[in-house]
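From first to last, the protein sequence lines stand for chains A and B.
Using numbering that gives the first Met the number 0, the letters of the first sequence map in sequence onto residues 0 to 283.
Using numbering that gives the first Met the number 0, the letters of the second sequence map in sequence onto residues 0 to 278.
In short, the hints are calculated from the structure, not lab data.
Keep in mind that a hint or two might mislead.
Pairwise CB distance ranges, derived in the manner of DEER restraints [claimed, not checked]: (1) A/Ala161 with B/Gly136: 41 to 49 Å; (2) A/Ala178 with B/Gln90: 23 to 31 Å; (3) B/Pro99 with A/Ala164: 21 to 29 Å; (4) A/Ala164 with B/Glu31: 49 to 57 Å.
Since the structure is predicted, the reported quantities are computational estimates derived from the model, not experimental observations.
Glycine included, C-beta positions come from ideal geometry on N, C-alpha and C.
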Amino acid sequence: MSSHHQAIQDKLAMGITWSVAMLLMSTFLWLFSDIVIHGISGVSWEFLTARPLNAGREGGIAPILVSTALILMVCMAIALPIGLGTAILLSELTHQFGWMSNLIRRSLDVLAGIPSIVFGLFGNAFFCITLGLGFSIVSGGLTLACMVLPILIRSTEEGFRALPADYRLSAAALGLSQASTLISLLIPAAMPAMLAGFILGLGRAIAETAALIFTSGYVDRMPESLWDSGRALSIHIYDLSMNVPGGNANAYATALVLITLLFIINAGAQAIGHRWSSKRVLVA
Amino acid sequence: MNQPNTIPALKPSDSKRTPRPHPSSEPFIFTENLNVRYGSQQALGGVSLSIKQGKITALVGPSGSGKTSFLTCLNRLTDLVPHCQVSGSIQFGKIDVLSPDTNVLQLRRRIGMIFQKPNPFPFSIRKNLVFPLREHGIKDTATIDARIQESLTRVGLWKEVYDRLDSSALALSGGQQQRLCIARALSLSPEVLLMDEPCSALDPISSGVVEDLIASLRGPYTIVMVTHNLAQARRMADHVALFWLQHGNGQIIESQPTREFFHHPQHKLTKEYIDGVRG
Numbered sequence: 000m001s002s003h004h005q006a007i008q009d010k011l012a013m014g015i016t017w018s019v020a021m022l023l024m025s026t027f028l029w030l031f032s033d034i035v036i037h038g039i040s041g042v043s044w045e046f047l048t049a050r051p052l053n054a055g056r057e058g059g060i061a062p063i064l065v066s067t068a069l070i071l072m073v074c075m076a077i078a079l080p081i082g083l084g085t086a087i088l089l090s091e092l093t094h095q096f097g098w099m100s101n102l103i104r105r106s107l108d109v110l111a112g113i114p115s116i117v118f119g120l121f122g123n124a125f126f127c128i129t130l131g132l133g134f135s136i137v138s139g140g141l142t143l144a145c146m147v148l149p150i151l152i153r154s155t156e157e158g159f160r161a162l163p164a165d166y167r168l169s170a171a172a173l174g175l176s177q178a179s180t181l182i183s184l185l186i187p188a189a190m191p192a193m194l195a196g197f198i199l200g201l202g203r204a205i206a207e208t209a210a211l212i213f214t215s216g217y218v219d220r221m222p223e224s225l226w227d228s229g230r231a232l233s234i235h236i237y238d239l240s241m242n243v244p245g246g247n248a249n250a251y252a253t254a255l256v257l258i259t260l261l262f263i264i265n266a267g268a269q270a271i272g273h274r275w276s277s278k279r280v281l282v283a
Numbered sequence: 000m001n002q003p004n005t006i007p008a009l010k011p012s013d014s015k016r017t018p019r020p021h022p023s024s025e026p027f028i029f030t031e032n033l034n035v036r037y038g039s040q041q042a043l044g045g046v047s048l049s050i051k052q053g054k055i056t057a058l059v060g061p062s063g064s065g066k067t068s069f070l071t072c073l074n075r076l077t078d079l080v081p082h083c084q085v086s087g088s089i090q091f092g093k094i095d096v097l098s099p100d101t102n103v104l105q106l107r108r109r110i111g112m113i114f115q116k117p118n119p120f121p122f123s124i125r126k127n128l129v130f131p132l133r134e135h136g137i138k139d140t141a142t143i144d145a146r147i148q149e150s151l152t153r154v155g156l157w158k159e160v161y162d163r164l165d166s167s168a169l170a171l172s173g174g175q176q177q178r179l180c181i182a183r184a185l186s187l188s189p190e191v192l193l194m195d196e197p198c199s200a201l202d203p204i205s206s207g208v209v210e211d212l213i214a215s216l217r218g219p220y221t222i223v224m225v226t227h228n229l230a231q232a233r234r235m236a237d238h239v240a241l242f243w244l245q246h247g248n249g250q251i252i253e254s255q256p257t258r259e260f261f262h263h264p265q266h267k268l269t270k271e272y273i274d275g276v277r278g
């Protein structure tokens with residue numbers, strides 16, 4: 000093949016790669032700029048701190064922010080310990096629990112693929128009705144926990160697996176027990192991966208709608224306890240844009256707040272991860 | 000506490016911890032008919048070897064002949080390998096190493112190990128040393144500090160790092176990292192050091208430094224070292240054992256004092272291996 004031909008092929012390949020990337024970027028930019036353009040005028044300190052009025056057409060989103068935060072807290076308080084424990088079982092103790100870890104891993108893959116509305120219905124049937132928790136922040140948080148567990152566990156497990164086998168061998172060769180190796184060496188070393196999993200999970204949870212509609216409900220009052228129903232940000236957006244004529248302006252403003260939160264969470268995760276890898280000393 | 004398998008724990012009060020040399024000719028570690036299988040794959044078949052106290056024993060032979068498998072049996076690191084079965088007997092002093100009653104954590108405290116690739120933990124230099132000491136029950140800060148200085152001095156690293164003990168161990172050069180790993184093992188006052196090609200991942204200058212260090216540990220410590228470098232075995236070892244893959248599993252072909260091994264090999268394969276014809 001002549002070098003002329005090769006040059007054309009190279010240019011073509013380059014062009015296709017670029018245009019695909021640009022297409023992706025522009026979709027995101029279009030979405031993002033649409034939200035910013037329509038939402039920016041609605042966001043103010045007042046908007047963040049006031050109650051919604053007139054079904055959300057007017058007023059702010061203070062109770063919704065509080066409910067979202069509480070739902071996420073319940074979700075992570077339950078999901079983090081279970082996730083960490085399962086990830087440790089899957090990555091460090093497989094040799095003791097061979098068949099069981101296979102079963103767990105399969106179940107997690109299936110769980111990860113289940114649509115969130117199914118989690119919502121399950122949460123309604125199990126947490127709200129069977130356990131009698133009703134439409135409440137606790138029910139919503141528990142349902143979300145079931146949903147983010149697969150992500151949390153898989154990324155934490157990958158974090159443990161990515162650690163050099165040397166760590167385990169050299170710790171064992173020094174006569175260190177498996178428990179202290181885990182606590183003092185492996186868990187701190189896998190922390191960035193755990194954090195990444197936590198952020199991914201948080202990102203999925205904060206943007207969730209279907210799993211929450213039937214569990215935490217859509218009462219837009221300020222929750223007085225975890226047993227109250229509370230409306231999450233995504234549900235507020237859904238409700239304003241679908242059920243409330245004239246609610247679009249505040250839906251846009253709420254969407255902007257949600258997207259900003261996602262940005263902050265991601266940037267925070269990156270900053271922490273970067274700090275960790277640049278220092279290279281986990282615990283001084 | 001007088002069972003034969005009870006291994007004395009490390010006591011903070013052991014002020015002079017360097018094991019006293021016992022220049023006896025009695026074997027210190029004695030393996031008999033040692034077999035190792037990984038699932039259905041036999042790695043080591045019927046290996047018997049005696050290792051003398053305070054001496055350097057070199058294990059040589061081609062790759063895959065079972066040298067590392069042999070080494071990891073001695074501190075029961077084979078326990079960590081799924082589907083690995085070890086049979087036969089290993090006697091270490093009065094301890095039956097393979098007995099299920101043996102306290103492996105204490106055993107590994109007494110039999111330290113250095114790997115081919117330096118493997119410091121992703122901690123500061125200080126914490127690399129503090130962590131194992133604390134785990135073995137030494138909590139007193141003054142004792143710990145003394146041990147850190149003592150073991151780093153022993154490996155010639157103290158002068159190089161005393162002013163940056165709190166910086167990452169991973170920032171050290173390869174040779175320094177390997178010496179830190181040796182210091183980490185020494186800080187637990189072991190009696191035996193197992194070394195799996197300790198110089199082969201290092202540049203020639205660092206390798207020379209580490210080799211000199213290992214030679215200087217002869218006497219107080221009993222050293223069992225896997226090496227692919229025959230010249231190194233000849234320079235350093237008191238005793239050499241040649242491993243060879245025969246009938247599908249690793250066996251010892253010949254085990255001799257270094258001089259005899261190189262000058263009067265008994266086995267045809269040994270001679271060919273020394274001459275570079277085989278292996």
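Against the structure, the hints come out as follows:
At roughly 32 Å, the beta carbons of A/Ala161 and B/Gly136 sit outside the given window of 41 to 49 Å. Against the hinted window of 23 to 31 Å, the Cβ-Cβ separation of A/Ala178 and B/Gln90 comes to about 30 Å, which satisfies the hint. Our hint of 21 to 29 Å for B/Pro99 and A/Ala164 holds, since their Cβ atoms are close to 25 Å apart. Between A/Ala164 and B/Glu31 the CB atoms are about 30 Å apart, so this pair departs from the stated range of 49 to 57 Å.
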